[in-house]
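Just need the whole structure built from these sequences, with the hints factored in.
As you go down the protein sequences, you meet chains A and B in turn.
For the first sequence, the residue numbers in our numbering are 124 to 414.
For the second sequence, the residue numbers in our numbering are 8 to 453.
Heads up, a few of these hints could be off.
Simulated restraints, written as ranges between beta carbons of each label pair [to be verified]: (1) B:243 to A:267: 54 to 60 Å; (2) B:107 to A:321: 56 to 62 Å; (3) B:342 to A:143: 28 to 34 Å; (4) B:149 to A:145: 46 to 52 Å; (5) A:145 to B:249: 43 to 49 Å; (6) A:169 to B:21: 42 to 48 Å.
So these bits of chain B aren't anywhere near chain A, every CB distance computed over 12 Å [what the hints assert, rightly or not]: (7) 263; (8) 272; (9) 289; (10) 312.
Hints in this document: simulated from the structure, not taken from any laboratory.
All of these numbers come straight from a predicted model, not from anything done at the bench.
We put the CB at the ideal spot given by N, CA and C, even for glycine.
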Amino acid sequence: MNKKKTYPTYYSYAALALFIIFFFLPGIMGIFYSFTNWNSLSSDVNFVGFKNYEKIFSGRYDFIRYIWNTLKFTGLTMLTKTVFGIIFAILLTHKLVMCRNLQRMAIFIPQVMSFLIVGLVFKSLLNPVTGFLNNFLKTIGLDFLAKNWLSDAHLALNTVITVDTWKGVGYLMIIIIAGINAISSTYYEAAQIDGANFLQKTWYITLPLLKPVILNVTILNLTYGLRVFDIIYALTNGGPGHVTEVINTSVYSEFSKGNYAMGTTLSGILFIFVMMISYVILRALEPKEEL
Amino acid sequence: MRKVIGLLLVTLMVLSALAGCSKDSKDDSKATQTDTQNTTTDNNKKENVTLTFGTHQSGLPTSGIIQELAKAYEAESGVKIDFQIVPDAQWRDLLKVKLDSGEAYDMMNVDADPLSLVGRINPEKNCVDLTDQEWVSRMDPIVLDGISVNDKVYGIQFNGVRRSVFFYNKDIFSKLKLEIPTTYDEFKQVCQTIKDSGVTPIYEATQNGWHQVLPVCETGSYYITKYDDLYDKLNKNEMNIKDVKEIGTILNEMKEFADLGYFGDNFMNQSVEGAKEAFAKGEAAMFNNDTGWAVETETEYPEMKGKIGIFVAPWADNQTVSCNPTCNAYFINKNSKYIEEAKGFFAFLARPENLEKLLNGATNLVSLCWKDTSTKENPEYVDYFKSLPAGMVMQVGVSYIDPQWMDIGKDIDAMYSGTMTPEEVLDNISLRRDELAELASDPAWK
Numbered sequence: 124m125n126k127k128k129t130y131p132t133y134y135s136y137a138a139l140a141l142f143i144i145f146f147f148l149p150g151i152m153g154i155f156y157s158f159t160n161w162n163s164l165s166s167d168v169n170f171v172g173f174k175n176y177e178k179i180f181s182g183r184y185d186f187i188r189y190i191w192n193t194l195k196f197t198g199l200t201m202l203t204k205t206v207f208g209i210i211f212a213i214l215l216t217h218k219l220v221m222c223r224n225l226q227r228m229a230i231f232i233p234q235v236m237s238f239l240i241v242g243l244v245f246k247s248l249l250n251p252v253t254g255f256l257n258n259f260l261k262t263i264g265l266d267f268l269a270k271n272w273l274s275d276a277h278l279a280l281n282t283v284i285t286v287d288t289w290k291g292v293g294y295l296m297i298i299i300i301a302g303i304n305a306i307s308s309t310y311y312e313a314a315q316i317d318g319a320n321f322l323q324k325t326w327y328i329t330l331p332l333l334k335p336v337i338l339n340v341t342i343l344n345l346t347y348g349l350r351v352f353d354i355i356y357a358l359t360n361g362g363p364g365h366v367t368e369v370i371n372t373s374v375y376s377e378f379s380k381g382n383y384a385m386g387t388t389l390s391g392i393l394f395i396f397v398m399m400i401s402y403v404i405l406r407a408l409e410p411k412e413e414l
Numbered sequence: 008m009r010k011v012i013g014l015l016l017v018t019l020m021v022l023s024a025l026a027g028c029s030k031d032s033k034d035d036s037k038a039t040q041t042d043t044q045n046t047t048t049d050n051n052k053k054e055n056v057t058l059t060f061g062t063h064q065s066g067l068p069t070s071g072i073i074q075e076l077a078k079a080y081e082a083e084s085g086v087k088i089d090f091q092i093v094p095d096a097q098w099r100d101l102l103k104v105k106l107d108s109g110e111a112y113d114m115m116n117v118d119a120d121p122l123s124l125v126g127r128i129n130p131e132k133n134c135v136d137l138t139d140q141e142w143v144s145r146m147d148p149i150v151l152d153g154i155s156v157n158d159k160v161y162g163i164q165f166n167g168v169r170r171s172v173f174f175y176n177k178d179i180f181s182k183l184k185l186e187i188p189t190t191y192d193e194f195k196q197v198c199q200t201i202k203d204s205g206v207t208p209i210y211e212a213t214q215n216g217w218h219q220v221l222p223v224c225e226t227g228s229y230y231i232t233k234y235d236d237l238y239d240k241l242n243k244n245e246m247n248i249k250d251v252k253e254i255g256t257i258l259n260e261m262k263e264f265a266d267l268g269y270f271g272d273n274f275m276n277q278s279v280e281g282a283k284e285a286f287a288k289g290e291a292a293m294f295n296n297d298t299g300w301a302v303e304t305e306t307e308y309p310e311m312k313g314k315i316g317i318f319v320a321p322w323a324d325n326q327t328v329s330c331n332p333t334c335n336a337y338f339i340n341k342n343s344k345y346i347e348e349a350k351g352f353f354a355f356l357a358r359p360e361n362l363e364k365l366l367n368g369a370t371n372l373v374s375l376c377w378k379d380t381s382t383k384e385n386p387e388y389v390d391y392f393k394s395l396p397a398g399m400v401m402q403v404g405v406s407y408i409d410p411q412w413m414d415i416g417k418d419i420d421a422m423y424s425g426t427m428t429p430e431e432v433l434d435n436i437s438l439r440r441d442e443l444a445e446l447a448s449d450p451a452w453k
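Here is the structure:
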């Protein structure tokens, strides 16, 4: 090891200090406030123990449904974005596909669009009477497929997941393309000599060697999905009714009602979920060391 | 070499950040100099002053009269008004968050009523006391409660007393030989007849988040005829909101209407702004709103003049007129850098000639809550209102109802989409009242 080229630990102290002051400490303070009745209607802040947590898990309120919606949103978007991201990445690194760069750009562009713009555009596109989608389906004789995409309680969350996948898959595709480009061509040449076809090369070479990249995109998907707010707020504002409410829309609602303690309690629960699920996934996808 | 380049880049970044800071202070001092110069000029115009005005979509008249008056104020004083308009469904939450984070607008358009004002914007903490303003004495005393806290006036209101009704298309009713309904059963029959003719009976709009709550709360004028001292008992927690059986009845009736298709197929995607067009084109026969809506519709669609009739909504057989003396009002942020300029704008709006301009220019206004101003109230409507008893709406008389208005709206959405029952909606209203009372440490809930 060349000691001259190794950065000393104290180089990280400034960044660590900023992280602790602006992220870690507020998180800890939030957890502390979740055991109080901190609100905007009264200047007193009193310790109330686990009352806020009891309210959330008692079932008397809808918070359990919001937690379930968050987990469902996270799971499904993780699955769809990863699968489609891999498919697009593999196809758009294959030399037989024409205009690869143009297609990559077309798939990536939604990622740079504002959530608000995407929400407004899709609200218009998905309007059951005047929207482009239903009118198109009716024009080609598929009337039975025309639905109330955002106002049907059974469909709304799945519609939001679909829109979010459309918006976010490009970002993951780019990361996976970088991972595919880093795979040495000697593996494919050897496989070619052995007579492997495209699917076999993908299954036995590309995917195993992409495992570290898939781990990274899974973590990115997970942290995004559990903290989702923008796309829900822009598309449905938690509606119709409360069927698309998630933890963060509920946090926003509690803060705006002035019930800060409940807002921080929900945030604290989200924090625990993120930590637990991240740990499980990291351990599950870690390569096992050979003894 | 790389270290030198890296060091240069870091230095550039730090300098650009610091340059950004110094640019603001230079602008401030320049503005101060300009202000100083301007105060010495004859016309006393203030340049480089822009007041932000936060409001929700339906908080300003669609005719743009307030914006026109703001332009006139700018021409006179040099002070610009920047209107920042937010969708209805997001406004209350957003305003609360902005006030709590110290980033609120210079002026705010707030739904003001005596019971919810403190919880909504806490005027004593966040707003400027306007009691000493000349125009306060010219306002109708009936509205002062809604914009005051502890006898201090914090806001300025323009709308007079509002009455909520169902508007009906006289041509459609005449063609189908229909009479205005006075009971729920008659209402149902009228809707069925209209539906059979191929027209949507009622234009309902849930996208704004507040319209679907009107039947529940505006029928308060009827509830008070069924229970002695109802509002007082509810506020003292001597009665629970669930004990008002008529509310449950109305929720069930609304659900039935939705299931029978009387609101049409697309009401969950419709907004209030679309009602005028649907009504004028004969696509919908009835619409629930306050009387100013008829004036707006007749202005936009002159062919509808004289063709809009009214009746009180016969939910649970109601035959009372609901009156609401409160409305949205404008407030000045205590932390604004331009309080005097904002006061100047309010004083400008309150000038008698500008009040008349406002009344004539705001198509949704039929009267003002100001002394010595004219009225646009339809004489036919006035006679109709005189024939029925009147009472105050529930959201003005009962505590912890208005703050949960948008939550009730979401629950009603859930009821329409089948994920909640009417009983659960009522349970939630009661639950949220208890929660809000507990947060406010209301002694009646201890």
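Numbers of the earlier hints that this structure fails to satisfy, in rising order: Of the numbered hints, just 8 does not hold.
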